[in-house]
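Protein chains in written order, with numbering that gives the first Met the number 0: chain W, 0 to 293; chain D, 0 to 293.
Hints were generated in silico from the structure; no laboratory data involved.
Keep in mind that a hint or two might mislead.
For chains that are exact copies, the list does not tell them apart, and a pair is met inside one copy or across any two.
[To be verified] Result set (DSS-like, lysine-lysine): computed pairs, CA atoms no more than 30 Å apart in a straight line:
| # | residue 1 | residue 2 |
| --- | --- | --- |
| 1 | Lys98 | Lys65 |
| 2 | Lys98 | Lys45 |
| 3 | Lys258 | Lys65 |
| 4 | Lys277 | Lys9 |
| 5 | Lys45 | Lys244 |
| 6 | Lys171 | Lys277 |
| 7 | Lys33 | Lys45 |
| 8 | Lys31 | Lys103 |
| 9 | Lys33 | Lys244 |
| 10 | Lys65 | Lys244 |
| 11 | Lys98 | Lys277 |
| 12 | Lys258 | Lys103 |
| 13 | Lys65 | Lys171 |
| 14 | Lys103 | Lys277 |
| 15 | Lys103 | Lys244 |
| 16 | Lys171 | Lys9 |
There are 2 protein chains.
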Amino acid sequence: MTVSLDTYMKEKKAWIDRVLPRYLNAAPIPEKLKSSMSYSLMAGGKRIRPILLFATLHALGTDEEKGLCTAAGLEMIHSYSLIHDDLPAMDDDDLRRGKPTNHKVFGEATAILAGDGLLTLAFQVVASDRLLSGEVKSRIIERLSNAAGPEGMVGGQQEDLEAEEQALTIDKLMSVHRRKTGRLIRFPVEAGALIGEAAREQYQCLTAYADHLGLAFQIGDDILDITGSEAELGKTVGSDLTNHKNTYVSLLTLDGARKELSRHVDRAIAYLGSTGLKTGLLEEIAAYLLHRTH
Amino acid sequence: MTVSLDTYMKEKKAWIDRVLPRYLNAAPIPEKLKSSMSYSLMAGGKRIRPILLFATLHALGTDEEKGLCTAAGLEMIHSYSLIHDDLPAMDDDDLRRGKPTNHKVFGEATAILAGDGLLTLAFQVVASDRLLSGEVKSRIIERLSNAAGPEGMVGGQQEDLEAEEQALTIDKLMSVHRRKTGRLIRFPVEAGALIGEAAREQYQCLTAYADHLGLAFQIGDDILDITGSEAELGKTVGSDLTNHKNTYVSLLTLDGARKELSRHVDRAIAYLGSTGLKTGLLEEIAAYLLHRTH
């Protein structure tokens, strides 16, 4: 059966959107803190990371429900990272997905705590998953914390802060992005491979796919910052340029960045070919990055 | 064999102080971020939470090494909470344990990331523990995240923020403290009981002990804010009073707070009597709270 990507993405986004509030509502959390956590968690993200996890399970013929708690935790971590990233001491952003950022609505102190709360709740949700064994949950938490923590995303954010004052080489830019955004794109594919018990070679091909996908995703973001419309992106266009940020576009030109995007998408898809799995959806997700408008 | 508490505390503090840097040094973390994380993690804390975990394992006759990763993770979470608590948007403190606070040394952005990094690394350290089964690790992570997260410590910090503008009743103050500081005092005893496979009744007595200990600990802190010396505390004395904070002393008077402290210590110790375990050290820890000077 071929499932069209568009239908699949809508269906899975609706699923995770329906499930996420349950984790917040089940817990006795002070009202304002809960509102602040929910505001960012339910702010209309595309849920691309959960969808990657579900599509990997689909490729392995594993029940997607087995990935639900992990997907929920991952999305909480993604949300927390955006809240803290937007803080005055960090990127100092007022808008996110067309809405005021968390600290603009709830104040800085509650925004810091909402981020801390989402990060911590993420691990609670994975650890209390009833469908996975303790062994699998421990391995997932080990990888998720590694991907999100000081060796991964948090480390990448620090490198990004430090890079603001310098011109980077393309290699250094890629290494910052591998940490800052790449690890959290790789993780859902890794987790799916783990939960779906992929063979060793399949695991290697799937994670290689995810690594190229992560870079393609970031290059696409840089391109959209130049070519996208504010209405579609929900944020100021061209801000990377005015902030003199190191981006693929500033280092490679727009045309060069497009070629690099296309190259990573091709390589990602090539890796899927060797898995012998039902990777149609994963291929379509990679191809979708070539043409997305937000 | 009776081990004196003083020797035991020194020995265990030295052990955890020796082990903690290894987790940081083993990981490829950007230099400034690692320094910032290490600055607060190694700032000379008393390690009371790890010591509680080891003493609980000692009571159960379990090898204390089995608690080492959990103790390390717990101390990382305690450190992260202090970094974020001291931020300008939160308590805006310049001094902690007699030294400039993290954001004063490394800047606000890196301090936020160092806190995020320690919180995330904590779960990685527990999840990759080689001495515990996946099942036990998952249960420990479930409890640790629950104790530290929006239902526990982070929720308590939010309640504390909101309480700044109001006069609290003693019951409300206790409920804020149970979350904000109590849950992370209870956790090491809970984790020890879990790792040491305490029987159901033992588990209940040990955690009841820990709940009273947590309240005694907070009452003691409030008393020290009035009676302690700045040199011993490493922070400004009387700051609760000048900040019009709700404390046990402001609600109960100094004498009333001392009586309440003594009552909780007595009740904590009484619970230990019913466990049938070697609880000498745990008793001494409770008694120590009556007389500590910092």
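Structure-based check of each hint:
For a Cα distance limit of 30 Å, the shortest separation of Lys98 from Lys65 qualifies neither inside one copy, at 33 Å, nor across copies, at 48 Å. Within a single copy, Lys98 and Lys45 get their C-alpha atoms as close as 15 Å, which meets the 30 Å cut-off; across copies the closest is 44 Å, which misses it. Proximity of Lys258 to Lys65 under the C-alpha cut-off of 30 Å is found in neither arrangement, the shortest distances being 37 Å within a copy and 52 Å between copies. Proximity of Lys277 and Lys9 under a CA criterion of 30 Å is satisfied intra-copy only: 20 Å inside one chain copy versus 58 Å between copies.
In this assembly of identical chains, Lys45 and Lys244 lie within 30 Å of each other by CA distance solely inside one copy; the values are 25 Å within and 43 Å between copies. Taking the closest pair of Cα atoms, Lys171 and Lys277 never come within 30 Å of each other, the shortest separation being 35 Å inside a single copy and 56 Å across copies. Within a single copy, Lys33 and Lys45 get their C-alpha atoms as close as 21 Å, which meets the 30 Å cut-off; across copies the closest is 33 Å, which misses it. Proximity of Lys31 to Lys103 under the C-alpha cut-off of 30 Å is found in both arrangements, the shortest distances being 14 Å within a copy and 29 Å between copies.
When the C-alpha separation of Lys33 and Lys244 is checked against a cutoff of 30 Å, the pair qualifies only between copies, where the shortest distance is 24 Å, while the shortest distance within a copy is 34 Å. In this assembly of identical chains, Lys65 and Lys244 lie within 30 Å of each other by CA distance neither inside one copy nor across copies; the values are 40 Å within and 47 Å between. In the homo-oligomer, the alpha carbons of Lys98 and Lys277 never lie at most 30 Å apart, since the shortest distance is 38 Å inside one protomer and 58 Å across protomers. For the homomeric pair Lys258 and Lys103, neither the shortest alpha-carbon distance inside one copy (38 Å) nor that between copies (44 Å) is at most 30 Å.
Within a single copy, Lys65 and Lys171 get their C-alpha atoms no closer than 37 Å, and across copies no closer than 40 Å, so neither meets the 30 Å cut-off. Taking the shortest Cα distances, Lys103 and Lys277 never come within 30 Å of each other, neither inside one copy (44 Å) nor across copies (53 Å). For a Cα distance limit of 30 Å, the shortest separation of Lys103 from Lys244 qualifies both inside one copy, at 24 Å, and across copies, at 26 Å. Proximity of Lys171 to Lys9 under the C-alpha cut-off of 30 Å is found in neither arrangement, the shortest distances being 36 Å within a copy and 45 Å between copies.
Consistency note: the structure conflicts with the earlier hints numbered 1, 3, 6, 10, 11, 12, 13, 14 and 16.
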